[in-house]
Amino acid sequence: MSVYLLRRVIELLPVLFLASIAVFLLLHLAPGDPSYFIAGRDATPEVREAVRQRMGLDKALHVQYLIWLGDILQGNLGDSALSGQPVSKLIWARLPATLHLTVAGFILTILLSLLAGIPGALRPNSKVDHLLSTYSAVAFGIPVFWLGILFILLFSVRLRWLPPSGYVSFLEDPVRSLRFLLMPALTLGIANSGVLSRFIKFSVLETLQQDYIRTARSKGLAERVVIRRHALRNALIPVVTVAALMVGRLLGGAVVIEVVFAWPGLGRLLLEGINNRDYPVVQATLLFVVLIFVIVNLITDFLYVYLDPRVQLHRR
Amino acid sequence: MDNDNAGRSSRAFLKRLLGIRSGRFGLLLVLLLVLLSLLAPLAVPFSPLEMNRGDEFAPPSARYIFGTDQFGRDIFSRVLYGGRISLLVGFGSIGVAALIGVGSGLLAGYFLGMVDTAIMRLWDVLLAFPNIFLGIAVVAVLGPGSLVSALAIAIMNMPHFSRIARAAVIAEKQKEYVEAARAVGASSGRIVIMSILPNTIPPLLAQIATAIPRAILLEASLSFLGLGTQPPLPSWGNMLEDSREFLRRAPWYGLFPGLALFLLVLGLIFLSNAIRDLLDPTRQNIE
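For the record, the sequence lines run as chains P and A.
Residues 0 to 315 (numbering that gives the first Met the number 0) are what the first sequence spells out, left to right.
Residues 0 to 286 (numbering that gives the first Met the number 0) are what the second sequence spells out, left to right.
What the hints contain is simulated information worked out from the structure, not anything from laboratory work.
Don't take every hint at face value.
Negatives, chain P to chain A, calculated, CB over 12 Å [unchecked claim]:
| id | residue |
| --- | --- |
| 1 | A18 |
| 2 | G55 |
| 3 | G83 |
| 4 | L94 |
| 5 | P118 |
| 6 | L170 |
| 7 | D172 |
| 8 | A253 |
| 9 | I298 |
Which stretches of chain A does chain P cover? Using the computed rule of at least three CB atoms under 8 Å from a CB of chain P, they are [said to hold, decoys possible]:
| id | segment |
| --- | --- |
| 10 | 67-74 |
| 11 | 211-225 |
| 12 | 248-255 |
For glycine and all other residues, C-beta sits at the position ideal for the given N, C-alpha and C.
Required output: the full structure, derived from the provided sequences and hints.
In structure tokens:
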């Protein structure tokens, strides 16, 4: 097992390496003088010259890349072109809000998907099945940001139950935090449950056709035990692999939802960076997202091997 | 004669598609929205850019079916015109993605070796970026706009098409008919295009059908984030972004562009599910 996992880690390194080159090149592919992007639009010639010196902008491209990568590996993500603050500080400040949103969104995704996926598989073609299938299709097709707007229209504008925007840390004031968090997280959860619930349904359906289920039934186990102990457990293993896909969608969805609910997270930081042409912020945030995405993919692989002993070293 | 054959089999396919409930429903919804968008210049009562002074934030009425926005522009007209951008970007970007993706996949699968490694590594890197972020990266370089967002969507879809084509070539290459073609002296290009390509069509069609609704959603998302279609041109995404400020005063503004987008995407999803069922008989057992 450890050999397989080690190989997966090694396989990921070139991808990360190439992705970092892509992010590095953003600055140089964009039309204009990179020293402006880094030092800011109203920087004096002296300041820009200093930037040029420090980042080696007069040197060959690969040397510049190595300087940039070296800085990043040492934890120096550069300074914002707009505010001059260290980008690492900006990311650190925005991270908690995004974590609140993605963690709550992830929990709701799983919960809603299990609720919408399993009953239909246990009673195929029943009324419940049709109802839940419709839910999955709607959840899959509904634009995240529109769902968010509908929630605001219903819960904030009409019923006045929840605030349309704002954020408070859960650690500071759990009750107020949840009031702010509920709509964004529910939006994220519903939107992502469309895919996952369908996947869960098919996985359970397929498992129920396996021989060991027939064996379990024929040895006289109660149907409840067959389903809980044999069917669901096995059916949920492949679901873990889809979690990686979910995290990608979750991060992407979070960017959009942060805009809908004016949520002060990483997605908004990235968009502000784009709008201000603040390249250090854009580069660092993108790199950060890719890193998280790749690491989550890796964790998923680990879990998969751990949960299903049949997956052996020679997989793939 | 070949044409005749293709005509007959596509007619037969359409007939079978209409035999499935989700196929009928999806096709109806999509055709309706496509027609309304195409006929927008004839169907709309106002120009999508026309500002009707004094009619700002007019609620839905006989004059303005979907109401007006903060400049008194007719939302119904803007929704229909917005549909054209969604459809154009959705279909166009996937068309380009399929063309380049399949081409590169055929090359990779046929020649293998260095070509294969180079192409597949490129796709690995693209796949390391979650979709929206790849879009953001492309916009960071080229600046916002409809065309740039279409390009971004095309780029992020290429890996999937490429992988499908590559896998198909590798599978088909082993088969006897390819060997037979080679034995009679056909060139590599001829073998790939005449013998192998037709066999990759079913999985590619399925991929196209799945990718288009996603592309349309993504275009709307990018426009919503201010990265895609730029105002005053109407797109469903940028209208919804605009509506956010005025939800209390003009709830209808947040309602109709999203409804149009949702119905189009839902129709396309139903259609793609039906198409995939038809192309892959094993799927029917589970549905």
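Structure-inconsistent hints, enumerated in ascending order: Violated: hints 1, 8, 10.
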